[in-house]
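**Q** Spelled out from the first residue to the last, the chains are:
Protein chains: 2
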Amino acid sequence: MKDSRREPSGEKLAPKAVVNRVCLYLRQLEVFQRQGESTVSSSRLGASLGINDAQVRKDLAFFGQFGYPGIGYRIEGLIGKLRHVLGIDRDWPIALIGLGNLGRALLKYKHFRRRGFQIVALFDIDPHKIGQMYDGLPVRAIGELAEVAASRTINLAVLSVPADVAQSVADQIVACGIPGILNFAPTTLAVPSSVSVVAVDLSVQLEHLAYKVLNTQSAFPDPAHLFDGASGR
Amino acid sequence: MKDSRREPSGEKLAPKAVVNRVCLYLRQLEVFQRQGESTVSSSRLGASLGINDAQVRKDLAFFGQFGYPGIGYRIEGLIGKLRHVLGIDRDWPIALIGLGNLGRALLKYKHFRRRGFQIVALFDIDPHKIGQMYDGLPVRAIGELAEVAASRTINLAVLSVPADVAQSVADQIVACGIPGILNFAPTTLAVPSSVSVVAVDLSVQLEHLAYKVLNTQSAFPDPAHLFDGASGR
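Those sequence lines, one after another, are chains A and B. At the far end of the first sequence sits residue 233, using our numbering, and the numbering has no gaps. At the far end of the second sequence sits residue 233, using our numbering, and the numbering has no gaps.
Honestly, the hints are just simulated from the structure, not real lab data. It is possible that some hints are incorrect.
Copies of the same chain look alike in the list, so a pair counts if it fits in one copy or across any two.
Taking lysine-lysine and the DSS-like style, the derived pairs with C-alpha atoms no more than 27 Å apart in a straight line are [as the list claims (entries may be wrong)]:
#: 1; residue 1: LYS58; residue 2: LYS129
#: 2; residue 1: LYS212; residue 2: LYS58
#: 3; residue 1: LYS12; residue 2: LYS58
#: 4; residue 1: LYS129; residue 2: LYS108
#: 5; residue 1: LYS110; residue 2: LYS81
#: 6; residue 1: LYS12; residue 2: LYS81
#: 7; residue 1: LYS81; residue 2: LYS58
#: 8; residue 1: LYS58; residue 2: LYS16
#: 9; residue 1: LYS212; residue 2: LYS108
#: 10; residue 1: LYS129; residue 2: LYS110
#: 11; residue 1: LYS16; residue 2: LYS212
#: 12; residue 1: LYS12; residue 2: LYS212
#: 13; residue 1: LYS81; residue 2: LYS212
#: 14; residue 1: LYS108; residue 2: LYS58
#: 15; residue 1: LYS110; residue 2: LYS212
Start from the sequences and build out the full structure, keeping to the hints where you can.
**A** Structure (structure tokens):
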């Protein structure tokens, strides 16, 4: 059931920040392509994303030599190569586990499907949810995960269950042989090293934003009012 | 209206990865505290999160000297200090802009409120949404943002609008003097350096997961089946 894996290359996994930026480069290259362009320089690609050109070249060099001297990057070719590198040149059937508010919003999130990611099966641990239909799909008991994952070649699970049950559901995902979990539960999952987890912890993101706002030097013309009562709250 | 800022320290902003891990340490310390513990070692704190003890000490040292030789960290004191460092020792009234599926799920996301982040005003650019009530709050026209932000001392905006309007809405957020944006729109925003943005790009996270799954050395007992058809899809 893990037929969408390819043979590990033995090369080092690119750091998270590099992969995330490369995803942004790909999306921006597709914008340029829709605008009818055929080549782009690293400085122009970077400028459109607020990233400097040396960083762009370094990030892309992690995956191969894509640039042409005096030309820059050929947009169509680079899009194809990056889609292959990132693994989005194929379909990824997904199991969504947890049909609360966030899970239902993720089910309707149209940008997943555009990238080949399609939620094909729904699961919940709440008996009241099991059997309900969302977007034409029935909610199944988690006990059916192994069978459905095998028959639909599901390699990714989106986990949007409460924190206190997330680990036990993750254990079941792992037991079913699903090698990738996108974890929205606000807790850290313990999984074997063969299983990949990407955590999307919304509270952590908001805390990070608060930290940045508090510690960013203001460029406002009159900074005096920024600090009123700052230490007294 | 920016009274929850404090004077910039002139110190370097901690890297995103450090801040994100410190948010996880804080949450885990709170778990230990609820379990009645008073001290914890860096190795135990790290082990609970799959992070090694040297990394824990290095991350925390970014913000101060918190450890006691032979004791480790005093949990209650460290929680208070980290909450102060991260800026979650205060209230953060938030404007939510964009009441689509994702926006409505974010409005109901209870983990924000537990951290002092409270959505106090809703905005949309869709005339059909304006005037509707969600969770007891009316959806306002974006033109009212400046007035509401000032009267409610709003310093953070959660942006969950479609990509094609995100920049123009971000421009209005900036014009209102709001210094922080949590951006869920799948596009890169251009803002002045005085404005902080944290992007939560769900498609990028899923692409990153696909990359990791494809490139992680499998520990499965029989790896042969993992690669069936890998290159042909």
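**Q** For LYS16 vs LYS212, is the C-alpha pair at or below 27 Å within one copy, between two copies, both, or neither?
**A** Both: 20 Å inside a chain and 9 Å across chains, each within 27 Å.
**Q** Between the shortest in-copy and the shortest cross-copy C-alpha distance, which are at most 27 Å for LYS81 and LYS212: within, between, both, or neither?
**A** Close across copies (17 Å), not inside one copy (35 Å); limit 27 Å.
**Q** At most 27 Å between C-alpha atoms: does LYS110 with LYS212 qualify within a copy, between copies, both, or neither?
**A** between (30 Å within a copy, 22 Å between copies)
**Q** Check LYS12 against LYS58 for me: Cα-Cα at most 27 Å, and say if that holds within a copy, between copies, both or neither.
**A** both (15 Å within a copy, 24 Å between copies)
**Q** Regarding LYS58 and LYS16, is the shortest C-alpha distance of 27 Å or less found within a copy, between copies, in both, or in neither?
**A** both (14 Å within a copy, 19 Å between copies)
**Q** For LYS12 vs LYS81, is the C-alpha pair at or below 27 Å within one copy, between two copies, both, or neither?
**A** Result: close within a single copy only, 18 Å intra versus 37 Å inter.
**Q** Indicate which option fits the pair LYS12, LYS212 if close means a Cα-Cα distance not exceeding 27 Å: within, between, both or neither.
**A** between (31 Å within a copy, 11 Å between copies)
**Q** Within, between, both or neither: how does the pair LYS58, LYS129 come out at a Cα-Cα threshold of 27 Å?
**A** neither (48 Å within a copy, 45 Å between copies)
**Q** Please sort LYS129 with LYS108 into within, between, both or neither, judging by C-alpha distance up to 27 Å.
**A** both (17 Å within a copy, 18 Å between copies)
**Q** Can you tell me if LYS110 and LYS81 fall within 27 Å by alpha carbon in one copy, between copies, both or neither?
**A** within (24 Å within a copy, 41 Å between copies)
**Q** Should LYS108 paired with LYS58 be assigned to within, between, both, or neither, using CA atoms and 27 Å as the limit?
**A** neither (36 Å within a copy, 41 Å between copies)
**Q** Is the C-alpha distance from LYS212 to LYS108 at most 27 Å within one copy, between copies, in both cases, or in neither?
**A** between (31 Å within a copy, 24 Å between copies)
Figure legend: structure checked against the earlier numbered hints; hints not met, in rising order: 1, 14.
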